[in-house]
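Colleague: So the sequence lines, in the order shown, correspond to chains S and C. Numbering follows our numbering, in which position 184 of the first sequence is assigned residue number 184; successive positions increment by one, without gaps. Take the position in the second sequence, starting the count at 1, then add 1000; the result is the number in our numbering.
It cannot be assumed that every hint is accurate.
Using 25 Å as the maximum straight-line C-alpha spacing, the simulated BS3-like pairs for lysine-lysine come out as follows [stated by the list, open to error]:
#1 S:Lys229 / S:Lys92
#2 C:Lys1076 / S:Lys255
#3 S:Lys32 / C:Lys1008
#4 C:Lys1008 / C:Lys1198
#5 C:Lys1198 / S:Lys254
Quick look at which bits of chain C chain S covers, simulated, 3 or more residues with Cβ under 8 Å [to be verified]:
#6 1044-1053
#7 1111-1119
These aren't lab readings, by the way, just hints derived from the structure by calculation. Glycine is no exception: its CB is placed at the ideal position from the N, C-alpha and C atoms.
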Amino acid sequence: MLIKISRNFRNRLERIYLFANTDYYVRYYGSKLGILWAFLNPFFQILIYYLVFTYLIFKIKDPSFILYLFTGVITWQFFSETTNSSIRLFLKQRYILQNIALPKVDFFWSLIGSKFWGYLINFLIFILFDFLFFKPVFSSNLLYLLPIWIGLILFTLGVSFILSTLYVYLNDLSHLWDITLMAGFWAVPIIWDYHIIYNNYSFMLLNPVTAFIINIRQVVLENSTPDLKSLFTALAISLVFAVSGYYFMKFKSKKALEFL
Amino acid sequence: MDNDIAIKLENINKTFVLHDRGNTIRDRFFSLFSGKGTRKLKALQNVTVEIKKGEFFGIIGLNGSGKSTLVQIMNKAIPPDKGGRVITNGRTMRLALGMGFNDELTARQNIMLNSSVLGMSIKEIKSKMNEIIDFAELKEFADTPVKYYSSGMKSKLMFSIAVNAEADIFLMDEFFGGVGDQNFHKKADAIFHDRFVKGKTIIHVSHQLETIRKYCDRVMLLEKGKIIAIGKPDEVIDKM
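Between the sequences and the hints, there should be enough to build the whole structure, so can you do that?
Modeller: This is the structure:
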């Protein structure tokens, strides 16, 4: 019995891995530069913002602004890309769901796995870049990245559960979410200085993505402990999203194959 | 429940709500509020049936009689209306020919993915990889993306993968019969019976009455979502 359970569990893990791997592979398959695009895309995005904001708009003289952008852009990209692909997740996997009753949550794990892998690689590039052009000081504060990332994953999962399930009943959601992400990009301190939030708009810390991006910067750019109050609040909110989102998905997605 | 029962369906009804759409923006806008343009379609009515373990059970009926809906309900891909109960005893899998390939991936990669979905471990898949490719007669095309395959090649590949699947109950939706050319058909037929049917429960949905007559222990005839007859193949087929 025990052997059978562990075999099933291993099969499940392997399946999640294979789907994540496929997702990653298919995205860059067929393009001449292949996997290189995973780095080139955020690289150019960062470069464009940097040039626009240092030369055209704000005339910022501080070159380390590029590090500020870098951390914000890649973290936001993880959130927006994952939630965006989650919307059509059931539609994309319907050929499998039609044939065998797999736990639907596995597809979410694969999606998160594939996107977070991409995020980690970008983060690694950020660290290399930091060492190459700046003189960063890191300490054991880096360990705070672990709870921050767990929170980020939980929140992204929670939003993905909800979006994918709502899409079953409301196809317009993909367009609505596009707009939300567009607004979200500016509602989160990716480009602008996050200290504004602490001075006047502390309610914005209730957005977990905002809190996590700020926390990451405090750890990586300022080598300090993150603002623990915002971190814990964000973690709690993320957990609520993940758990309630999971049950919402579990019970409301039963008719997914009928409607999609 | 009895241990020798594989699938038990109790009082299964299925109503689909269809949303008919107007073509103009004005039609759609007004139907948003009026709720017009929705119709109810009863796909299944009061279906109750027990299928025993190891049985080869056929389902026949004209197009639109509810066969595929029933299979999807057995598979728990879609839920029945309130009050209906579906009990399955063992891992259930639907096999259909159009199923399950990612067109961007090569045959090898698709074998990996599909076999994993069908319950094999990565290690087992690797050890059986060449066998599967050889059986599907696709040696020269193993690393070609499936999108360049003909439909015959795809169905041969699917069959070769499915033969290794680990499940207790197979729901075959027009799956068996008609795969590949004559040669492949013979080969498939043989392996199908040696390796596949033994000890497994098979629900077989088909229009090919010959295969139904040949293999099924019991047959159910559906008409407009209702059971017309259940019994020995010859008797039921005559009622069609």
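Colleague: For a quick check of understanding: which of the numbered hints are violated here, in increasing order?
Modeller: 1, 3, 5 and 6
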